[in-house]
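Student: Top line first, the protein sequences correspond to chains S and W.
Going by this note's numbering, the first sequence opens with residue 1, and the numbers climb by one from there.
Going by this note's numbering, the second sequence opens with residue 1001, and the numbers climb by one from there.
A couple of the hints might just be wrong.
[Said to hold, decoys possible] With a straight-line cut-off of 16 Å between C-alpha atoms, the simulated EDC-like cross-links for lysine to aspartate or glutamate are:
id	chain 1	residue 1	chain 2	residue 2
1	W	K1274	S	E112
2	W	K1278	S	E173
3	W	K1044	W	D1084
4	W	K1044	S	E173
[To be verified] Where chain S lies over chain W, by a calculated footprint (3+ residues, C-beta under 8 Å):
id	stretch
5	1213–1222
6	1225–1231
7	1234–1246
8	1253–1265
[Stated by the list, open to error] Partial selection, computed: residues in chain S whose CB lies under 7 Å from chain W:
id	residue
9	Q60
10	D67
11	T183
12	T185
13	A196
14	Y275
15	G317
16	D319
17	Q322
Note that these hints are calculated values from the structure, not bench results.
These figures come from a predicted structure and were not determined experimentally.
Here a beta-carbon is modelled for each residue, glycine too, at the ideal position from N, C-alpha and C.
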Amino acid sequence: MATPKTASQSRTGFLSPAWLKTSGDGWTLLLMIALVCVVLVLISGQAQTNLTILQVAWQQNIQLLLDGLFIGAIFALAAYGLALVWGVMNVKNLCQGEYVIMGGYIAYYLYESGIHPFFGLPIAIVFMFGFGWAIYVLVIRRVIDRDLFTSLLATFGIAIVLQQGLNLIFGPEVQTARSGLPTATVTLGGGAFTFAWIKLTAFLMCGALALAVVIFMKRSRMGQAIRATAQDARAARVMGIDTDRVYAFTYSLNAAICGAAGVLIAMIWVIQPFYGITHSIRSFVIVTAAGFGNLPGVIMAGLGLGVAEQYSGFVLGADFQQATVVGMLLLVLIWRQIIENKHRRVVE
Amino acid sequence: MLKHYSPAAVIAAAAVAAVAAAPAVAKVEGDTIVLGSALSETGKYSTNGIHAKNGYNIAIDLINKTGGVKVGGKAYKLRVIYYDDESTPARGAQLAERLIKQDGVKYMLGPYSSGLTKAIAPVTEKYRIPMVEAEGASRSLFTKGYKYLFAVLSTSEQYLASSIQLAAEIADKAGKKRKNVKIAMAFENDPFSLDVRAGVVTDIKRLGMSIVIDDRLPRDLSDMTATLTKVRALKPDLLVVSGHSKGAATAGRQIKELKIATPMVAMTHCESSKLVSKFGAAVNGFLCPTQWAETLSYKGPYFGSAADFDKKFKATFSGYKTVPYQSAQAAAAVLVWKDAFERANSFDKEKVREAISSTNMTTFYGRIKFSKAGNNIAKPMVLRQIQDGKYVVVAPSKWASHKVQHPRKVQ
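Here chain W stands alone, though its shape is the one from the complex (with noise of 0.2 Å):
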């Protein structure tokens, strides 16, 4: 396999390795600590790697201008090399390995979507570089034993798991015996959905309830007739569908036109799926799980209110009609950072990382609290239901802001 090397390739190899190999000095600069993360800028989640980065930036600039980071009865302002990963898991890769070890980088914040998450983890986890993220949901990402991976958000298999206790509830009020309560489950075949099913299942059994329908969904759906007909025919109390996007859609748009009266239906994606816009009415009552909302009673130091953070977010950056959960954790990981050097009182990686598991905050964005795995497990996921057109929080009870409508109706 021996080829031959141009000059200049020689050279530029050189060259690289000549920069890698310099000090990594870069960690704190004067009284800057360079926090480093690939984002999706360009590509296919750039709209939404762009609200992270926004809701990087809105805690950063906060936190900057209000006393910035004291450690060691010193105040450092808090600074973010970013590049952009063009929405390609093997570029944010190279990406992390260029932060770290040509940039002298300690201290990362996540990128956008689990997928990416998932090829900048080994990465951190070789260097041994703390990473709090905020965009990476996928229950796989901690099961793998990472030290250095930390996230606030709550992960795929409790997006549904809600709404089993929802109808375990319901079902006790009503003074119904929790093993005739029927659950028909239609997810997509795809490793998010899947995860989603898992948690969704273990909440069944956990409560002694009877699963009725378990179809999945191949990923190039546009028909769920079939199992929608089979949900008429079994009338189960409660109907769970995963499958993105064009899940939602294609759920919305049968579950009208065939009149299917479940009286309790929930899913996942029912605003990027435009449903309300797109189905009116007939989706009153659908149940949304959702990372946060800004009607949720959430309070902490820093941004106050959830309602609070939703203000200044609206007020900083324009074209924002309603705040994006995505920014809400972005902002509540650069919190995390604050919080976790002030305890260690110290710029060691290893001392942070410490401090980081150790975390135990109350934020805007919910509580903070990581597991050993490294997510976090003091939020829980909120649910929402459509009522006449808007997003209402309807359970957990606790930060519920509206009763949850049972049946829905069928209109």
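Same shape as in the complex, but just chain S (with noise of 0.2 Å):
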């Protein structure tokens, strides 16, 4: 639990629960992750049996670790996108997910016209960019000011609208975009692990986009105006900033970020119109669990998911690696809960 907070983090000043606001970092997600996994297994003996496995087949681990880093980075580009949002405009943003697969979309249909997927991505981003705008204009400036549950509704009212659409454009088939990039086996010590090349692609491709974004906020005008509006959005506006255009570009960056991130999806996992509710809860999970300003926090967070993921669905069972997220939301809320007591008390 050592991490300090980071400077950006401590500025966060915004509508946010007292405890959202006490500590984020991934030490604490991947504490839970340790705790979950040693409660559940000594409640089941599959899931022993599973455990020798891995430590037998040893090799296994690496598999598992690669494969949750790789798809856990993806995790938290669209996670980076919602805390962003969250912590920028105070809106919950249910539709996460949607944009994600939208962006999904967007890949399959450019491999269907046989361009290749990976085009896809600024094509995805400028895309989702002006969606994420109409979208802002539409209905997300109609719901800022309002209270949570408006700006929720809203939100899952537009999820539904984009799920329908998709189905309706694509049909309700199961979608994948190929890369064409081959698998490669490594042999080490008498055992194997595969890593499919477009995994390690989207994985750096992931730390490029996140470069970007943090170079953004931090040296362009709009960065600092996002950040100023953060910390104090009438401030801000006393100063003369445009916060209506803050919004509208925060936003539209989401729209962007999880565009991105859906066509890397697409291009590792499979899509379909109603897939895009897993990935708005994982969103949610890690943007609670790291806390928002706090890139190192959504990134350690994601791609802590991404293992932890991995590593409950070979021990657990396939029917667990979903219920291991929520859980963990569950245990990391659990936690702020009891850190939150003690500072009362140590204060008084």
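Combine both chains into one complex, guided by the hints.
Tutor: Encoded structure:
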């Protein structure tokens, strides 16, 4: 629990429940993962058998770690977008996952038209940025000053419309976009693990995108305006920042980031119009664990979540893979509550 | 709970009651026997609903053109009243009521999908109307003690059972002890896939093999690398997967990516997930169950062989590259009706029901003989293997057109 709070995090003073602000770091999450594993392993005999497998065929640990980290990076990307919108605008964007899936369908559409899905990345970023702007003007602007439930309902509504729209356009079948990149096999100590080049490529692309966003937030005029608005929207307005424009830009940037994540998802996993919800949940778990405005925390939590999913899928069975995500959210919240209570006692 | 009823509603209700009370005379009109069916012409099942309808129609056309149905020395024609159930079970049940009470239908053909059949069967049962269905495979349809429900297709628990049988045969040939045959299972957590799983587990136990992985896949699954990593660690002899088309697509993609070298892989929904066009050579050797295939050597009166049916169907309906088994089994259901009417030599629905239950016929779709529960126990599920991008029948060996490639080549 030793990571110091980052500067940006301590500055995040926007409307948020107290527990979200206390501490946001990936270490909490990692600890939780360990805790979940220990507890569940104690309960289940099958899980113990599976752990034995991991000891014997130890190379598979590398497989699970790599797969978890690679996919976790994409989770972190989408979650960072959510952290932005949540932090700057206090909008809990429930259609996060749908934006991811939309990006995926852009890659799929290109693939079907004979264009390599990698080109989907710039196209998805541009298209989703425009789409996000339109949604902001049409819906989000009208609910941004309302209470929590209005924005939840509005974005949930958008999610449903997007799901059904995608279903009408592309049909309910599961789709993939194939990158055509090969898989490498690594033999190690009598066992083997593989890694698909596309996953590594996606991982690197995630890194590059994250770096670009960080530089943008630090250096550019708009980035500074976004951070100023996040700190105190009223003061920013007084200083002459057009906060409406900042909000629109933030929301569109989030959609663009999600779109990019979706392109990578379509090349690694499979997409379907109704798969957005699991991506939304993952984003919420990561942001809740990491706190917003805390990019290192989001990355740590994202990677941790990816690895945790793989391990729980292996040890507890595939049906627990996603249950683990939700279980961890619960544990993080409980943990936060305990810390909070301790703080109070010390102060009093 | 007393409410005011508007006069219009009262009149409408009375009118409905009057129609409902009208004598049900439509079972046989002149020289035509009237069958009824609610089919999905719109909604999510519309594609397969129309396949089924085409199957019904081609068989009815053929029977009407070749002398009709002979009952009491007189030739009768067949006609079907169709309604669109919009792919919703509630609507299907309503339409079944309407067919029986309003249109006086005494003989029913089934709807498309297990869900719709589940909704309609209680209605036909209530009015004691025999129904021959061709598109509801769920095992649960035949555990409720229905007396008037008959299905020409194999039920869901048989879908992957033949792959277990095949694994046993291969082990025997190689001189491997059956209890050393390791099987990995990944099934989606939904009624259909769990039915399939139940059949697989029964056969594994019967044949004395061992289960090394038993994973349940979540409904909105898009990743099964954890399960497949376990497969790589445990090196099973057979991997069975069932999770509709998304399960097949996910498994296909990740078996390729993780280079899983299991010598035998069997899964449902290979065709509907378009495995071959998506993953090409990587899915060669996969085993996929099907109800029927045009390459089978089944033969019977009416349509001739499976290949003849295939040819006739393509000539009758344009736009079919391959004939879906949904159409073939629908046509077989109509043949069951004709056969039963002629053997009963009567239009009395109880007598016809008796005749249906003692059906024992060979058709282009395979043999048809019903168990007490009403499912067809004479037709096996056939197993096809993807060889060089084509689906060829490899099991059961009696009907196989090709030898099974074992172990599959990992590419």
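Student: Are the hints correct? Go through all of them and say.
Tutor: We went through each hint and held it up to the structure:
| no. | hint | in the structure |
| --- | --- | --- |
| 1 | K1274/W with E112/S | holds (14 Å) |
| 2 | K1278/W with E173/S | holds (13 Å) |
| 3 | K1044/W with D1084/W | holds (12 Å) |
| 4 | K1044/W with E173/S | holds (11 Å) |
| 5 | 1213–1222 | holds (count 8) |
| 6 | 1225–1231 | holds (count 5) |
| 7 | 1234–1246 | holds (count 3) |
| 8 | 1253–1265 | holds (count 5) |
| 9 | Q60 | holds (5 Å) |
| 10 | D67 | holds (5 Å) |
| 11 | T183 | holds (5 Å) |
| 12 | T185 | holds (6 Å) |
| 13 | A196 | holds (5 Å) |
| 14 | Y275 | holds (6 Å) |
| 15 | G317 | holds (5 Å) |
| 16 | D319 | holds (4 Å) |
| 17 | Q322 | holds (5 Å) |
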